[in-house]
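Enquirer: Chain B: place on chain A using the hints.
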Amino acid sequence: MSNVPKAKRRTAEALRRAIQGIEEAGSPGRPRLPLGVPEIDRALPGGGLRTGCIHEVTGDEAATGFCAALLARAGSGGAAAAPPAPAATSPPIVPGRGERGGALLWLARGNDLYAPGLVRYGIGAGRLLVVSGLRRQTDMLWAMEEALCCRAVAGVVAETGGIDPAAGRRLMLAAEGTGVLGLMLARDGGRRRGGVGVRGAVSRWRVTAVPGGHGAGGGPKTRWRVELLHCRGGRPAKWTVNPRTPP
Amino acid sequence: MSRCGRTVAHKRKDKPGPGAPVRLGPRISRRILAVWLPWWPSERLFRHRAETRTRPFVTVAENRGRLIVDAANPRAARAGLTPGMPLADARAVVPGVIVRPADPAADARALERLARWADRFTPRVMPDGADTLFLDIAGCTRLFGGEKALTASLRGALEGFGLTVRLALADTPGAAWALAHFGAADPAVAPAGAGASGLRDALAELPVAALRLSADVAEGLASFGLDRVHALSAIEPVELVRRFGTEPVRRLEQALGLADEPIQPLRPPPPRSAHRTFAEPISTTASIRAAVDGLLDDLCLAMSRSGEGARRLQLVCHRTDGDRRAITIGTSRPLRRKKPLLGLFAERLDQVEPGFGIDEIALAADMVETIDEIQTDWSGEAAGGRRAGDEEELANLLDRMGNRFGFGRIGRAEPHQSWLPERAARIRRPLSGRGGGAIWTAGPVAPVPHARLASPSAARPAPSAGWPRDRRRPLRLLSPPEPVEVVLAEGSGADARARPLHGADTVRLLAFRRRGRLHRIRAVEGPERLECEWWREDAPRRDYYVVEDEAGRRHWLYREGARDAGRTPRPDAGPRWRLHGVFA
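Read top to bottom, the protein sequences are chains A and B. Under this note's numbering, the first residue of the first sequence carries the number 1, and numbering increases by one thereafter. Under this note's numbering, the first residue of the second sequence carries the number 1, and numbering increases by one thereafter.
Isolated chain A (complex conformation) (with noise of 0.2 Å):
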């Protein structure tokens, strides 16, 4: 890259940049939220997660885990640094979201999160909020959608997967207009390859446990891959992690 004149440097910033802008569809400048994984963060366009759009989590249960840790980065407000945007444009404002961070949905369709299992990936006792029993896809996506459209709202976690176009494309609109980070997580088991195919979601992500090893005292050590099957503006990578409890 040091060869390439100075003047082409330039214009292929801008060039990406409006790309960028175009991608962004009127939002840009949102923040990203980094995964705290510096080789998973450098995949992906920005430096992180976009937020105010919608994620695809499928998997098994690290599936869970997964959502469990962004949504509690997502939740921690001072994570969500600005995107390393050029001087030229305004600085980013996030909405709504003062220091203490939004507050944290998860759509369940049934009734088994457990949370202090959640304490470990870092969201706290009494922090999330949970509506349950959430069967129908219809009460999901219109639960959803509120939840996106709520600025008080840091980040939402909904149990389901396989939607329609049309309700993805509505959940962007409504995420886009708030910033809210948007999950959609769809367990599958773990038998399925590939994206259940949320139409509209930035990225794409599956999260399946594999053995992770003994720890200290024998037992075994949690240990996670993922892959980013879809990423816009980036590239499919995968990548095995041992997730860390947060301090």
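Among the hints, a few may not be true.
Within a straight-line C-alpha distance of at most 20 Å, the following computed DMTMM-like cross-link-like pairs (lysine to aspartate or glutamate) qualify [what the hints assert, rightly or not]:
no.	chain 1	residue 1	chain 2	residue 2
1	A	LYS221	B	GLU308
2	B	LYS339	A	ASP41
3	B	LYS339	B	ASP359
From the structure, some residues in chain B lie toward chain A, with a derived Cβ separation under 7 Å [to be verified]:
no.	residue
4	ARG200
5	LEU394
6	MET401
7	GLY408
8	ARG412
9	CYS532
10	VAL546
11	ARG553
12	VAL582
Derived by calculation from the structure, the hints in this document are not laboratory data. Don't be surprised by glycine CBs; every beta carbon is placed ideally from N, CA and C.
Expert: Here is chain B on its own, set in the frame of chain A:
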């Protein structure tokens, strides 16, 4: 609103104290239906059992060391058992009589429940004495097709419960009581709007006891030959007061409507309400919405004057065919801003089936609470650096969800001091407790102070604000735990899967079978012994293991029912394995 008629927003009038009856100027007309349940104590106890209706039955109360018959059922009364008779005499008359202790407090509670049930006929229901209900049905008869139809439907329902009833209708509670207890007809009806003279005629031939006089006063009157109401009303009140005190005169005046006797309904009228009647019935959702909009304006204005907000609102649409449709919405905190309230109603207005049209809409705030105003500066920043608008928005969001899915589905899990995993999290719901509370705070909530169970010794670490972080807990908890089969082998210390089992030697956990599928175990952590609080009976004692299968999935298994020293095994003894949760 182009078609709106009149709008009334009113506040509940202060009830007159019992000591100081308030004489109102032009009296609001009342129509009192008295419901007398002559066999209430006995029928209440055994209305579910058919055989007690055909057999003599009495309740007894102890009086100066003797058991006295307190109430009898019709069968026993026919056999000659009357209240006040010693139980020994009653047994002599009817040897096989069923006897139960009297419980006047339970009778009164049951009567109050019956009164609450009866509020489907009118909101103004009051239990009176031990066995009578007063229903003020003025203005309610239209919904049931007239006075006669209402009376018949009430009688049908009560008789369906297995109760004997006597009904009477009059313009005053006193007259209705008298006619129900002593009237010849059933239902005895004193014509509406008869006035004092009309009521005097209706009551003339009744005994003076019909005026709800105490026993000694009634006896005293009878000894003077004043045994009928007409005899009593012929005497100058001054003379009566001189000899018998104020009671007979007061009761007579109450029965005739000359003295006020307020009905204090069990369920107080809603503190805030507004209603609208329409000259022409409305039927489109848009026009209903416009009417609700106007009603909310009135209601919110009234509430803002008093510094209150609504927690629960009920919208009742009266249809022209006499049917009614009601929508109730709840809010997680007192609210009096029109927009969110209208939004909550708007989502459900299509449930109102207008039929041939709606001619009256009433909106009532059943539950109001004082709003604590938060002072914000010009930027909307509230004290504490939190944006006031955020909490408001979040509360609105969860109100919408709560009204759609039910508030019981929304909650925050909070730590609860119990080692048993299924009890370690307690869910806080938005509608529990006054004010809704901190469930809506947008940011992290403050640490929950824990009750210290042990003595506050310095060596003991302070109870943490959350769940223990050093212990592994699953992301999903199965409820109930799933039974699994575990394959064990004789232990050897070198294997990573070798674990001590309580009540047995060290063994290796090789595999477990869940729903017919075998999971080979690669690594094990545990056991972690968790047990219930010792004071709970039948406290389970479980050994938890974290096991990883070949695919890398981690499961939370426990073993329970192992024989332990100092503990008697449960009848269905033998260790059982269960899968209680899955990890990420």
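Enquirer: Under the criterion of a CB-CB separation shorter than 7 Å, is CYS532 (chain B) in contact with chain A as hinted?
Expert: At 16 Å from the nearest chain A Cβ, CYS532 (chain B) fails the 7 Å test, so the hint is violated.
Enquirer: Could you check if MET401 (chain B) really has its C-beta closer than 7 Å to a C-beta on chain A?
Expert: holds (6 Å)
Enquirer: Take a quick look at whether LYS339 (chain B) and ASP359 (chain B) sit within 20 Å of each other, Cα to Cα.
Expert: Violated. LYS339 (chain B) to ASP359 (chain B) sits at ~25 Å, over the 20 Å cutoff.
Enquirer: Is the interface hint for VAL546 (chain B) satisfied, with its Cβ closer than 7 Å to some Cβ of chain A?
Expert: Holds. Min distance 6 Å.
Enquirer: For the restraint on GLY408 (chain B), tell me whether the closest CB of chain A is nearer than 7 Å.
Expert: Because about 9 Å separates GLY408 (chain B) from the closest Cβ in chain A, which is outside the 7 Å limit, the hint is violated.
Enquirer: Going by Cβ atoms only, is ARG553 (chain B) closer than 7 Å to chain A?
Expert: holds (5 Å)
Enquirer: The hint names ARG200 (chain B) as touching chain A; please verify it with the least Cβ-Cβ distance against 7 Å.
Expert: It is violated, given that the least Cβ distance between ARG200 (chain B) and chain A is near 64 Å, above 7 Å.
Enquirer: Does VAL582 (chain B) pass the interface hint, meaning its C-beta sits closer than 7 Å to a C-beta of chain A?
Expert: holds (5 Å)
Enquirer: Regarding the hint that LEU394 (chain B) lies at the interface with chain A, is the smallest CB-CB distance below 7 Å?
Expert: holds (4 Å)
Enquirer: Given the hint that LYS221 (chain A) pairs with GLU308 (chain B), test it: the Cα-Cα distance must not exceed 20 Å.
Expert: violated (55 Å)
Enquirer: Quick one, are LYS339 (chain B) and ASP41 (chain A) close enough, alpha carbons at most 20 Å?
Expert: Violated: LYS339 (chain B) and ASP41 (chain A) sit about 42 Å apart, past 20 Å.
Enquirer: With chain A as the partner, please determine if ARG412 (chain B) meets the hint condition of a C-beta pair closer than 7 Å.
Expert: holds (5 Å)
In summary, the numbered hints that this structure violates are 1, 2, 3, 4, 7 and 9.
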